[in-house]
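Given chain D's structure and the hints, the job is docking chain V onto it.
Chains D and V, in that order, are what the protein sequence lines are. Counting in my numbering, the first sequence tops out at residue 283, every number present. Counting in my numbering, the second sequence tops out at residue 283, every number present.
Derived by calculation from the structure, the hints in this document are not laboratory data. Given the structure is predicted, the values throughout are model-derived calculations rather than measurements. Idealized CB from N, CA, C, for every residue including glycine. Treat the hints loosely; a few may be bogus.
To be verified - Simulated coverage check for chain D against chain V, where a stretch passes if three residues somewhere in it have a Cβ under 8 Å from a Cβ of chain V:
(1) 42–54
(2) 206–214
(3) 227–239
As the list claims (entries may be wrong) - Examples of chain D residues lying across from chain V (beta carbon under 10 Å, computed):
(4) H24
(5) T175
(6) F257
2 protein chains.
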Amino acid sequence: MIRIAICAPACPISHEDAARVADLARGWPGIELTVHPQCFASEGHFAGPDAARLAALVECANDPAFDAVWFARGGYGSNRIAQAALAAFDHRAQDKAFLGYSDMGYLLGGLYRERIGRPVHAPMPADIRRTGGSTAIARVFDWLTGNGAGLEPSLDDRPTVALNLTTLAMLAGTPLMPGLAGHVVQVEEVSEHLYAVDRLFFHATAHLGGIAGLRLGRVSDVPDNDRPFGSDAAQIARDWCDRHAIAFLGGADIGHDADNRIVPFGLVRGFRQP
Amino acid sequence: MIRIAICAPACPISHEDAARVADLARGWPGIELTVHPQCFASEGHFAGPDAARLAALVECANDPAFDAVWFARGGYGSNRIAQAALAAFDHRAQDKAFLGYSDMGYLLGGLYRERIGRPVHAPMPADIRRTGGSTAIARVFDWLTGNGAGLEPSLDDRPTVALNLTTLAMLAGTPLMPGLAGHVVQVEEVSEHLYAVDRLFFHATAHLGGIAGLRLGRVSDVPDNDRPFGSDAAQIARDWCDRHAIAFLGGADIGHDADNRIVPFGLVRGFRQP
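Next up, chain D with everything else stripped away, as it sits in the complex (with noise of 0.2 Å):
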């Protein structure tokens, strides 16, 4: 049995999208699901206060009636208590999954640094809602009980990480930046305009040298400006890549959608595998 925890670190899902999560979930016998109720706060921006968050976050995380912290949803916030969490989070915590994606990248990031647990890129809860949503958390469940169909393609014998670009872009310099030499990195992102995505990998390719390459996953809902940039994401990211002499290695198959396939941290691509 995989009993898996769900926390929101940034922003709040809906008690309806818990139950359509909960009920798929009856369909995979080894998964069993606790929604912690902090995932349905609010208070401005965030579901709940720092506070809150930060103590659902650690209770899941410590609790050993757990083998999987599931994040419900990205939106923003988890930087804003990452580094108290990983501060807290204990020897229960080492044996776990943390997944999720986008603005949860801060807390993938922070635990791959510090060596805790086992960050995973992949979908969450409030994926749900997309067109082919229920692939999407099909997918967790089946990698969390052994079936590795859902990992992303590219994945070879490299480590590798994959982030959301704003997100990595914030990471960078900060006391939750992992050491990436080595590493493949993939990058995905959404809602951005096209000179915000170059401005982004400006930043971010400045801090990446001694990766092995970077993949570009899906770059989507660009929204329109008042003139066309000229050239697209792929583009930027090749041009990035030169100019700080990383190797770019092509596609990722990541993104903000139900498509979205799984990225363990690392080189161990199984959960539980010795």
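This is chain V only, laid out in the frame that chain D set:
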């Protein structure tokens, strides 16, 4: 006579706007404007390709016929040519003032880091389009001709810089980032959601250890979000300053508007002052 060269390291201006600024300049007999034709070039997002923007900038900076280089407009793009430009500037750039703000902060920051010329946060020709824009332009002509009435009023006996918050966040950790220990750092922002302002402060303050303190200029044109953020820009700035034990010093009279005051980087407040 103060001879000013105008070029556009990021985005273009119109002939009409350049003409309005030139008309206005006739009120200052000590000012002579030369508008580089590159200001009107256009390629995709930018005022011409990187190579053309770089060439015009270096030409203006290294031409002994000019006393000041005035950046025509922000937008986005000076970061793409800033390192190459700094490397190409020679001794003839050394005595010049370089004036602009917003995206031009990449150049101002890099110049300050390399101790080249006099980087100055100041209105730009494109500000002529704003309501009251001629007062913003007049502030620049006044300052260059020895009238310091347009200086930011909080300037004191500590070295100061003024930067757009996004620009500062993107500068951090790159080869353009100046050392700011002991400095008062003034920031302003425009057209960003408050969650993004919070995220930018998370990142920027992680890189501002050792500064004398932070001042907050205007955070304007904040887009509506699907829900209120829960705190305002000043509360956000205070919160992140507190987390990093940075002194929050209050407001600054800078922003993306016609009231935007002048902040010469460092300690010297006048131009051509001994």
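Verification of the hints:
| no. | hint | result |
| --- | --- | --- |
| 1 | 42–54 | holds (count 3) |
| 2 | 206–214 | holds (count 5) |
| 3 | 227–239 | holds (count 5) |
| 4 | H24 | violated (17 Å) |
| 5 | T175 | holds (8 Å) |
| 6 | F257 | violated (17 Å) |
Violated hints, listed in ascending order, are 4, 6; each of the other numbered hints is respected by the structure.
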